[in-house]
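Peer 1: Spelled out from the first residue to the last, the chains are:
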Amino acid sequence: GQNIDQPTEMTATEGAIVQINCTYQTSGFNGLFWYQQHAGEAPTFLSYNVLDGLEEKGRFSSFLSRSKGYSYLLLKELQMKDSASYLCAVRDRAGNMLTFGGGTRLMVKP
Amino acid sequence: NAGVMQNPRHLVRRRGQEARLRCSPMKGHSHVYWYRQLPEEGLKFMVYLQKENIIDESGMPKERFSAEFPKEGPSILRIQQVVRGDSAAYFCASSSPGLNEAFFGQGTRLTVV
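If you read the protein sequences in the order shown, they are chains A and B. In our numbering, each residue's number is its place in the first sequence (first place is 1) plus 25. In our numbering, each residue's number is its place in the second sequence (first place is 1) plus 2.
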């Protein structure tokens, strides 16, 4: 089975940097995903990591350590519109489904 | 190229009625996933389908819930004899072989009264 943990809530200031951590314990692993979800809307894809290391995409970066079962999402130059839930998800070895963590609700304050 | 289309966006049912939720995947996608999301919670996997086949239904309740993805037409998630606890947002995602990203629809918000 899969067990994915991430903080429930975080608060940060506009213009700052925030790091959202995710730890996982899985029976199989075939990639880790981060999604952004605004209230009442569909999750939208942010990043995908399958090998160890950092993937950078504009203001967002995602890191993976498979040996530690650990990932983080780094958001730079925070904007008010970044206030949303950030969902960490792991794909199983068969590559079939994504198992999601409970999500981290990020509030960006002026 | 339209995204994943779900309808209806909002559905209200009385206890004991049936709910039918539809999902049309993105063009060219043959894999469909259904997830349920309770308020303030994460997405819980329900079922994974390919055309005319259920591949993994390990997240589906054993009773009252069923899903299909026919050769023609949308995928259907069917909930019989709904109860208040079925009230949630139901999201559909689609993908295709070799594609890392799954694309989500806008969801159907089911309210059981």
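Keep in mind that the hints were calculated from the coordinates and are not lab data. A portion of the hints provided could be inaccurate.
What the hints assert, rightly or not - Okay, derived cross-link-like pairs now, DMTMM-like style, lysine to aspartate or glutamate, Cα gap no bigger than 20 Å in a straight line:
#1 A:Lys82 x B:Glu42
#2 A:Lys93 x A:Glu80
#3 A:Lys134 x A:Asp107
#4 B:Lys46 x A:Asp117
#5 B:Lys46 x A:Asp107
#6 B:Lys46 x A:Glu66
#7 A:Lys106 x B:Glu59
Stated by the list, open to error - Just a few of them, taken from the derived set where beta-carbon distance is under 10 Å, the chain A residues facing chain B:
#8 Ile29
#9 Phe54
#10 Gln62
#11 Glu66
#12 Val75
#13 Phe88
#14 Lys93
#15 Gly94
#16 Tyr95
#17 Tyr97
#18 Met105
#19 Ser108
#20 Met122
#21 Leu123
#22 Thr124
#23 Gly127
Claimed, not checked - DEER-style ranges, computed between Cβ atoms:
#24 A:Gln50 x B:Ile56: 26 to 34 Å
#25 B:Ile56 x A:Leu79: 35 to 43 Å
#26 A:Met105 x B:Pro10: 30 to 38 Å
#27 A:Ile42 x B:Arg111: 42 to 50 Å
#28 A:Gly78 x B:Glu43: 24 to 32 Å
#29 A:Thr69 x B:Gln83: 16 to 24 Å
#30 A:Gln104 x B:Pro72: 42 to 50 Å
#31 A:Thr36 x B:Leu40: 41 to 49 Å
#32 A:Leu99 x B:Lys73: 43 to 51 Å
#33 B:Val85 x A:Ala64: 24 to 32 Å
#34 A:Glu66 x B:Glu20: 23 to 31 Å
If you're wondering where the values come from, they're calculated on a predicted model, not measured in any experiment. Glycine included, C-beta positions come from ideal geometry on N, C-alpha and C.
Peer 1: Next step is simple, just say for each hint if it's right about the structure.
Peer 2: A quick look at each hint next to the structure:
1. A:Lys82 x B:Glu42: The given pair, whose Cα atoms are some 28 Å apart, is violated under the 20 Å limit.
2. A:Lys93 x A:Glu80: holds, 17 Å
3. A:Lys134 x A:Asp107: holds, 10 Å
4. B:Lys46 x A:Asp117: holds, 14 Å
5. B:Lys46 x A:Asp107: violated, 23 Å
6. B:Lys46 x A:Glu66: With Cα atoms ~16 Å apart, Lys46 of chain B and Glu66 of chain A stay inside 20 Å; holds.
7. A:Lys106 x B:Glu59: Violated, at about 36 Å.
8. Ile29: Since chain B brings a Cβ to about 8 Å from Ile29 of chain A, closer than 10 Å, the hint holds.
9. Phe54: Status violated, d = 14 Å.
10. Gln62: With Cβ-Cβ at 9 Å, under 10 Å, it holds.
11. Glu66: holds, 7 Å
12. Val75: holds, 8 Å
13. Phe88: Since chain B brings no Cβ nearer than about 17 Å to Phe88 of chain A, farther than 10 Å, the hint is violated.
14. Lys93: violated, 22 Å
15. Gly94: violated, 18 Å
16. Tyr95: This interface hint is violated because 18 Å lies over the 10 Å limit.
17. Tyr97: Nearest chain B Cβ about 17 Å off; hint violated.
18. Met105: violated, 21 Å
19. Ser108: violated, 15 Å
20. Met122: At about 5 Å, which falls below the 10 Å cut-off, the nearest Cβ of chain B leaves the hint on Met122 of chain A intact, so it holds.
21. Leu123: holds, 6 Å
22. Thr124: Holds. Min distance 6 Å.
23. Gly127: This interface hint holds because 4 Å falls under the 10 Å limit.
24. A:Gln50 x B:Ile56: 26 to 34 Å: Distance hint for Gln50 of chain A, Ile56 of chain B holds at roughly 27 Å.
25. B:Ile56 x A:Leu79: 35 to 43 Å: For Leu79 of chain A against Ile56 of chain B, whose Cβ atoms are near 38 Å apart, the range 35 to 43 Å holds.
26. A:Met105 x B:Pro10: 30 to 38 Å: holds, 31 Å
27. A:Ile42 x B:Arg111: 42 to 50 Å: violated, 34 Å
28. A:Gly78 x B:Glu43: 24 to 32 Å: holds, 31 Å
29. A:Thr69 x B:Gln83: 16 to 24 Å: violated, 34 Å
30. A:Gln104 x B:Pro72: 42 to 50 Å: The hinted range 42 to 50 Å holds for Gln104 of chain A and Pro72 of chain B, with Cβ atoms some 43 Å apart.
31. A:Thr36 x B:Leu40: 41 to 49 Å: violated, 23 Å
32. A:Leu99 x B:Lys73: 43 to 51 Å: holds, 44 Å
33. B:Val85 x A:Ala64: 24 to 32 Å: Holds, since Val85 of chain B and Ala64 of chain A (Cβ atoms, about 25 Å apart) stay within the stated range.
34. A:Glu66 x B:Glu20: 23 to 31 Å: holds, 27 Å
Hints 1, 5, 7, 9, 13, 14, 15, 16, 17, 18, 19, 27, 29, 31, counting from the list given before, are not met by this structure.
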